[in-house]
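Student: The chain contents come next:
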Amino acid sequence: MAKYYVTVGDAMTQAANTFAGVQTLPDGGTLSSVKVPPDMKKISVLGTALTWDGQATIDTGNNFTIQLSGTGMVDGIQEFNIGALFNDEVGTSVGMSFDAQHANYRNVDVNVKPGEIVVSAAYDGTDPGSPFCVVTLGFE
Amino acid sequence: MLYYTRHDSMTQATTTFAPVETAADGSTAGPIAIPPGATMIKSITSSVVVDGAFSINTGPIFVLRLTGTGALPDGNQDLVLGSVHNSQGGGTVTSTMGRILPPLTIPCNIAVKAGADLALQAAYYGTDAGSPQLSVEIEFA
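Residue numbers (the working numbering), protein chains in the order written: chain A, 1 to 140; chain B, 1001 to 1141.
Hint data in this document are derived by calculation from the structure and do not stem from the laboratory.
Every residue gets a Cβ at the ideal spot worked out from N, C-alpha and C, and that includes glycine.
Be aware that one or more of the hints could be misleading.
Claimed, not checked - Distance ranges between label pairs, derived from CB positions: (1) A:N81 x B:V1093: 46 to 52 Å; (2) B:G1090 x A:D127: 14 to 20 Å; (3) A:A20 x B:R1099: 27 to 33 Å; (4) A:A16 x B:P1107: 41 to 47 Å; (5) A:A20 x B:A1111: 30 to 36 Å; (6) A:G61 x B:V1049: 23 to 29 Å.
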């Protein structure tokens, strides 16, 4: 069970199939890499949430991937599927959509060592508008 | 096991933490006094809604911070809780939408120090949705 939790998030303004850093703290500060906390041996929990922070682009669908890299990774770069967004509209442009989802927490087993972990994210498909992802790493 | 709850509206700007310190009876309870004998937070359960008209084309993501002087031997902990989204295309839309959400429960093992005050704070990424309202339950063991 994880003992130590770090959260970063960011708007994903990059093109499809392109990793970009996820490095904004919830208080607005910048954390370009996560320092592995003292005595922590692995990431055992991965918490994630996705949204469009703006108008969703209709008729788009995207799967999202998180990448962990950096000197703190014992076994090198690791990538995780963190879910998808899709939006569909038929007819004239008067559509409205509404959604609320709690974060997804999953158990993982990622070996870490003293060092830095860089969190990046990418999506496939067509740019959905204003995708935004937030990631929580749980260490133990 | 011991269970405590706090809730609050989130009137602050984006990426800004504010206290979550209202009790279920509406009183300003403030931080949670960590009960005698407690050594860990075993789980965190939360839900979040928009208590008012939902600003269109917004989609914030909510984060909980655990903090408090001397309460957490391993320091502050930040956990993502969930997201909401409202999108509107062109034209004028009149609609009524509702949703029933189960809570999110996060099993954890966060060390605490009995007798200290555990403060809950919350923030959101992205654009203000209007009137977010967050509720959190802490399970001590």
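Student: Are the hints correct? Go through all of them and say.
Tutor: Results for each hint:
1. Our hint of 46 to 52 Å for N81 of chain A and V1093 of chain B is violated, since their Cβ atoms are close to 33 Å apart.
2. For the pair G1090 of chain B and D127 of chain A, the supplied restraint of 14 to 20 Å holds, since their beta-carbon distance comes to about 19 Å.
3. Between A20 of chain A and R1099 of chain B the C-beta distance comes to about 31 Å, which sits within the given range of 27 to 33 Å.
4. In this structure the hint that A16 of chain A and P1107 of chain B lie 41 to 47 Å apart at CB is violated, the actual value being about 35 Å.
5. Between A20 of chain A and A1111 of chain B, the C-beta spacing of about 34 Å keeps the proposed range 30 to 36 Å intact.
6. Between G61 of chain A and V1049 of chain B, the C-beta spacing of about 26 Å keeps the proposed range 23 to 29 Å intact.
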